[in-house]
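Q: Here is what each chain is made of, one letter per residue.
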Amino acid sequence: SAVISQKPSRDICQRGTSLTIQCQVDSQVTMMFWYRQQPGQSLTLIATANQGSEATYESGFVIDKFPISRPNLTFSTLTVSNMSPEDSSIYLCSVPSAATSGSTDTQYFGPGTRLTVL
Amino acid sequence: GNSVTQMEGPVTLSEEAFLTINCTYTATGYPSLFWYVQYPGEGLQLLLKATKADDKGSNKGFEATYRKETTSFHLEKGSVQVSDSAVYFCALINDYKLSFGAGTTVTVRA
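Line by line, the protein sequences are chains A and B. Heads up: the first sequence begins at 1 in our numbering, then just goes up one per residue. Heads up: the second sequence begins at 119 in our numbering, then just goes up one per residue.
Errors might be hidden in some of the hints.
Subject to a maximum C-alpha distance of 16 angstroms in a straight line, what follows is the list of computed EDC-like cross-link-like pairs (lysine to aspartate or glutamate) [claimed, not checked]:
{"id": "1", "chain 1": "A", "residue 1": "LYS65", "chain 2": "A", "residue 2": "GLU54"}
{"id": "2", "chain 1": "B", "residue 1": "LYS174", "chain 2": "B", "residue 2": "GLU194"}
{"id": "3", "chain 1": "B", "residue 1": "LYS215", "chain 2": "A", "residue 2": "GLU58"}
{"id": "4", "chain 1": "A", "residue 1": "LYS7", "chain 2": "A", "residue 2": "ASP26"}
{"id": "5", "chain 1": "B", "residue 1": "LYS170", "chain 2": "B", "residue 2": "GLU187"}
{"id": "6", "chain 1": "B", "residue 1": "LYS186", "chain 2": "B", "residue 2": "ASP172"}
{"id": "7", "chain 1": "B", "residue 1": "LYS186", "chain 2": "B", "residue 2": "ASP173"}
{"id": "8", "chain 1": "B", "residue 1": "LYS178", "chain 2": "B", "residue 2": "GLU194"}
{"id": "9", "chain 1": "B", "residue 1": "LYS215", "chain 2": "A", "residue 2": "ASP105"}
{"id": "10", "chain 1": "B", "residue 1": "LYS178", "chain 2": "B", "residue 2": "GLU134"}
{"id": "11", "chain 1": "A", "residue 1": "LYS7", "chain 2": "B", "residue 2": "GLU160"}
{"id": "12", "chain 1": "B", "residue 1": "LYS170", "chain 2": "A", "residue 2": "ASP105"}
Just so you know, the hints here were simulated from the structure itself, not pulled from any lab data. Keep in mind it's a predicted model, so treat the numbers as computed, not measured.
Start from the sequences and build out the full structure, keeping to the hints where you can.
A: This is the structure in structure tokens:
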């Protein structure tokens with residue numbers, strides 16, 4: 001499986017500010033995914049980040065709030081903009097098990113970024 | 119659409135007890151099914167998977183069988199240990215997108 005790292009591991013931010021979360025993978029992958037895990041809740045897909053094209057957002061998530069960059073095949077960033085306490089969550093990136101993974105293959109997760117908004 | 123319904127927790131067990139966590143799903147097409155585990159303070163790890171009907175996934179003494187006829191993927195372990203205390207998530211994947219159940223918190227007492 002791929003080795004995935006995220007920065008920062010945690011942060012405490014003031015409302016109204018923005019935070020950019022980085023996700024780095026040790027191998028090239030076509031697709032990267034961003035998930036949110038609100039306190040005590042399950043994981044929800046925010047968006048799919050493809051290299052060379054705009055990210056695809058799930059219902060309830062918009063680019064102005066969660067802009068995503070994907071400059072190459074091993075890196076992506078998620079920005080949480082104009083934060084409010086409701087954005088306090090763990091944010092995780094995930095990647096398929098291989099560059100040639102099919103649509104139902106295993107995905108692996110980064111360690112997550114624990115965000116607290118005051 | 120795709121959805122996963124998972125047994126509500128929390129579940130508290132004594133060491134060496136039998137554990138089962140029920141999971142049922144709704145999906146279009148032919149999804150793969152997973153159990154992920156989140157130990158306290160750690161990230162999400164893949165525990166086991168099954169890619170087609172009647173497949174059995176197994177790892178660390180845990181097992182789950184992909185039952186297409188009952189659309190289920192129940193997790194079982196015959197003898198739990200304190201180190202199995204964690205949150206367990208049932209999930210399916212379709213078109214690269216994971217759908218997760220609500221998660222079940224399991225606490226094993228010595």
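Q: Take the hints in turn and mark each one as holding or not.
A: Structure-based check of each hint:
1. A:LYS65 with A:GLU54: holds, 15 angstroms
2. B:LYS174 with B:GLU194: holds, 11 angstroms
3. B:LYS215 with A:GLU58: Judged against 16 angstroms, a Cα distance of about 10 angstroms means the pair holds.
4. A:LYS7 with A:ASP26: Since the Cα atoms of A:LYS7 and A:ASP26 sit roughly 14 angstroms apart, the hinted pair holds (cutoff 16 angstroms).
5. B:LYS170 with B:GLU187: holds, 12 angstroms
6. B:LYS186 with B:ASP172: It holds: about 7 angstroms lies between the C-alpha atoms, which stays within 16 angstroms.
7. B:LYS186 with B:ASP173: OK: B:LYS186 and B:ASP173 at ~10 angstroms, within 16 angstroms.
8. B:LYS178 with B:GLU194: Within the cut-off at roughly 11 angstroms; holds.
9. B:LYS215 with A:ASP105: Given that 16 angstroms is the threshold and the Cα spacing comes to 10 angstroms, the pair holds.
10. B:LYS178 with B:GLU134: holds, 14 angstroms
11. A:LYS7 with B:GLU160: holds, 15 angstroms
12. B:LYS170 with A:ASP105: Roughly 11 angstroms separates the two Cα atoms, so the pair holds.
Against the hints set out earlier in the document, no violation occurs for any number.
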